[in-house]
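With the hints as constraints, model all of the structure from the sequences given.
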Amino acid sequence: MHLADSLLQFTVSGIALGAIYGIVGLGFTIIFNATGVINFAQGEFVMLGGLVAATLVSLHVPVALALPIAGFAVAIVGLLVQRLAVQPLTRSSVISMVTVTIGVSVLLRGVAKELWGPNSVAMAPFSGSQPLHLGTAAVEPQEVWVVATVLVIVVGVQLFFEHTMVGKAMRACAINRAAAQLAGISVDRMNLLAFGLSAGISGLAGVVLAPLTMVSYSSGTPIAVKGFCAAIVGGLGNSAGAVVGGILLGMLESLGAGFISSDYKNAFALLVLLLVLVLRPSGLLGKRTDRGL
Amino acid sequence: MRGQRPHRGLAVLVILLPVVVLVMWGCQPKAPTGPEPGVQPTPAEENQAATPLESGAKAPTGEPVKVGAIFSVTGNNAPLGEPEKRAAQLIQEEINAKGGVLGRPLQVIVKDDKTDTTEAVNAAKDLINTEKVCAIIGPSGTPTTMAIVPTMEEAKVPLVSCAAGMKITNPIKPYVFAVPQTDTLAVAKIIEYLKANRIEKVATIYVKDPYGESGQEQLSTHLSKAQIKILGSESYAKDDTDMTTQLTKLRGLQPQAIICWGTNPGPAHVAKGMKKLGMTMPLIQSHGVANAKFLELAADAGEGVMLPAGRLVVWEAVPDSHPQKPILKSFAEAFRAKYSKDADTFAGHAYDSLHIVISAIEAAKSTEPAKVRDALEKTKDFVGTAGVFTYTPQDHNGLTKDAFVWVKVEGGKWKLAE
Chain A
1 MHLADSLLQF TVSGIALGAI YGIVGLGFTI IFNATGVINF AQGEFVMLGG LVAATLVSLH
61 VPVALALPIA GFAVAIVGLL VQRLAVQPLT RSSVISMVTV TIGVSVLLRG VAKELWGPNS
121 VAMAPFSGSQ PLHLGTAAVE PQEVWVVATV LVIVVGVQLF FEHTMVGKAM RACAINRAAA
181 QLAGISVDRM NLLAFGLSAG ISGLAGVVLA PLTMVSYSSG TPIAVKGFCA AIVGGLGNSA
241 GAVVGGILLG MLESLGAGFI SSDYKNAFAL LVLLLVLVLR PSGLLGKRTD RGL
Chain B
1001 MRGQRPHRGL AVLVILLPVV VLVMWGCQPK APTGPEPGVQ PTPAEENQAA TPLESGAKAP
1061 TGEPVKVGAI FSVTGNNAPL GEPEKRAAQL IQEEINAKGG VLGRPLQVIV KDDKTDTTEA
1121 VNAAKDLINT EKVCAIIGPS GTPTTMAIVP TMEEAKVPLV SCAAGMKITN PIKPYVFAVP
1181 QTDTLAVAKI IEYLKANRIE KVATIYVKDP YGESGQEQLS THLSKAQIKI LGSESYAKDD
1241 TDMTTQLTKL RGLQPQAIIC WGTNPGPAHV AKGMKKLGMT MPLIQSHGVA NAKFLELAAD
1301 AGEGVMLPAG RLVVWEAVPD SHPQKPILKS FAEAFRAKYS KDADTFAGHA YDSLHIVISA
1361 IEAAKSTEPA KVRDALEKTK DFVGTAGVFT YTPQDHNGLT KDAFVWVKVE GGKWKLAE
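Chains as they are written, first to last, in the numbering used here: chain A, 1 to 293; chain B, 1001 to 1418.
No wet-lab data here; the hints were simulated from the structure.
Please note: incorrect hints may appear among the correct ones.
Covered stretches of chain A, as calculated for chain B (at least 3 residues, CB under 8 Å) [unchecked claim]:
1. 119-127
2. 212-224
Pairs of lysine-lysine residues, derived as DSS-like cross-links and limited to a Cα-Cα distance of at most 25 Å, are as follows [as the list claims (entries may be wrong)]:
3. B:K1325 to B:K1098
4. B:K1208 to B:K1225
5. B:K1325 to B:K1378
6. B:K1167 to B:K1201
7. A:K113 to B:K1341
8. B:K1325 to B:K1380
9. B:K1238 to A:K113
10. B:K1293 to A:K113
11. B:K1167 to B:K1378
12. B:K1293 to B:K1341
13. B:K1114 to A:K113
14. B:K1195 to B:K1415
Please read all numbers here as calculations on a predicted model, not as lab measurements.
Every residue, glycine too, gets a C-beta built ideally from N, C-alpha and C.
What follows is the structure, given as C-alpha cells:
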C-alpha cells in the first residue's frame, strides 16, 4: 500500500463522518443562535432518528418514506422538549436551561433503551453495500448518501435563513432578541421553531448515518461530543463554520488514526478543539463581532 | 424562579416525573424473583413477581435454598446481564417444578450491578449479610467480578463467575470459580485452525477494553510460541463505528488472515470495513460475538467469518451422540419457548453456574457456604452448555479447548466447520 493511496483512503473515509459531525454542529448552532442555549440532547435527536427509521424499515416501510417520517417524528420530539422542558425556564438563567437539556438527554436515552433494548440495531443501506471506487479509495454507497444528504440539508437551511420571512425572523432573533421582539417577532415562537428545525435535521442525519454505523440508545452521545467540537471549531453561532469544522474534524481524526495511531483516534478531535480555543477563540470562521447564522 | 406563572411549575413537573420514575425504576432491586407465568415478562410484571414461590407439581417445602445472582441487567453490559437473568429465572422455575433442591424450594435472588463495580460490591454484601445466600453466581463482567472477589473471600461464600477474564481463576482463589471458556482456550482453538491451514502471518485488531486487551495479550503470547507471526495490530475504541483507517493500515501489511477481538458492535464494523476495502483474506473473530446479534449487525459482510464458539449457539448442528446435546437441546428449546429469543452464550453461563451450584448443594447435602465450596471443587464431568466441567484445587475454570467448536457464517447462519 503506497502512501498516496492510504492518504486518499483516509481522507475519503474522514469526509463522510465529518459531514455528520458538521450537521450535528449545525443543529447546536441553530438552537444556540435562537435561545443562547447549548442543547446537550442534540445527540439523542440523531439517535432517535436512526432508531425510528430502522424500525420503520424493518416493518417494510420504504426508505424514501421512512426518512421524512423519522425526521418529522424527531422534529416533534424537539418541539416537545422546547415546550415542556426549556420554555418553562425562559426567565431563569441560561445555565438552568442548559442543565435541563442534560436531563432531557438522560430521559431520552432511558426511554430509547426501554423501547429498543440495549443492543445496537442494524439498518440496511439505502442502495446496497457494493463498494464504489474513487481512484484507489473504496467508498460505501451509504457514505455517498450521507454526504449528499448533508449537502442538501445545508443548502436548504441556508436558503431558509436567507430567503424566507421566518428564516429572516430567526436571524433577527439571533442578532438581537430584544430588538426582534420590539419589531414584532415572537421570540418565543422562534425558539420553538429552532428546536423543531434543529431536531429535525439531526434526526435526518441519524437516519442516513444508521446504516453506516448502526444505532443504539447510547450511540448519540459520542456523535454529540464531536458535533459540539465541530460547532466550537467553526465558531459557535456560525452555521457554515459548523459544517466546515465537522468535515475538518472527521478528516483529521481519520488521518491522525491512520498516520499516527488509532489508539488516539478520539483524542485528535479534542486536541483540535483545544488548539482552536487557544489560538483562535472565536473559531475558524467566527468573527469578533459575530453576525451569526 | 419566583414570579412564574403556575403552569410552568406544572410543566417542569411533567418532565421531572418520568425522569424520577425511570431513575427509581433503575434503582429498585429486582429481587427476589419468584416463578412467573410462561409469558415474556414486561418490566412491570417482573416487579410483581417478587412474591414467594408456591407453584410446582411436587411442591418443594420448607425454608428456601437461597442462591444469589449478580448480573449487569442495565448499563454497558446489559446485553450480557439480560439473558443471564432470564436464564436464571427459567432454571429456578424448572428446578422448583421438579421438586426443588434438597426437597426445598430454590430461590434465586437476582441483583442488578448496573455494570458498576461499587454496585456489585454492595449487591454481594447485601446477598451475603442480609439474604444469607449459600453461594453467588455472576457477576457478568470481569471488572465487576474482580471487585467482589475480596468480599467473597472474606465472607467465605463461594462465587461462580459468569465472566471470562483470565485473572478471575488465575491465580486460584479458594472461593472463586468461573464457567465461561477463557481467552486462552479460544486462542488455542484459533492456533489449531491456523496450523491446519498453514497460515503463518496474521494481523490483529482489537477493542480497547479489558476484553480486547486481554485477547490481544493472549494472542501475542501464544501465537509467537506457535511460530505464527503477527505483522501488525490495531485497536479501536468501544464506540467507534468506522474501522476503515485501521483496516487500510493492516491491508498494507498483507497478512494471510485478520483476527479481531471484541464484542458487538465493533467486530461487525470490522467485517463491513473489510468488505468495503476488498480484503478477501479470512476474518477470524473471538467467541465474544458468538450470538445472533453479530449476524444481524454484520449482515452480508459477515459471510465467511470464522470463530471458536461454545456449542450452545450451534446446538442444532451438534451431533446427537455428543454428551452435551441433550442439555443444549432442552435448555435452548425451553429458553426459546419462554422468551421467544435464542439462548446465547451468556444465558448459557447462567445455566452452567446455577446448575453447578445446585449440584454442589445436592452433593454437600447442605447449604453451608464452606461445604458448598468444597463440593464445588469436587465437581467432575459436569455437562454444561459451555463444555464438560471438572474443577480441581488447581483448576477453577474446569474447561479444555474442546469446549470450543470451529464455526463459520454461511447463508447468514452459524455452521459447524470441522
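Handout entry: Hints violated by the structure (listed by number, smallest first)
Key = Those not satisfied come down to hint 6.
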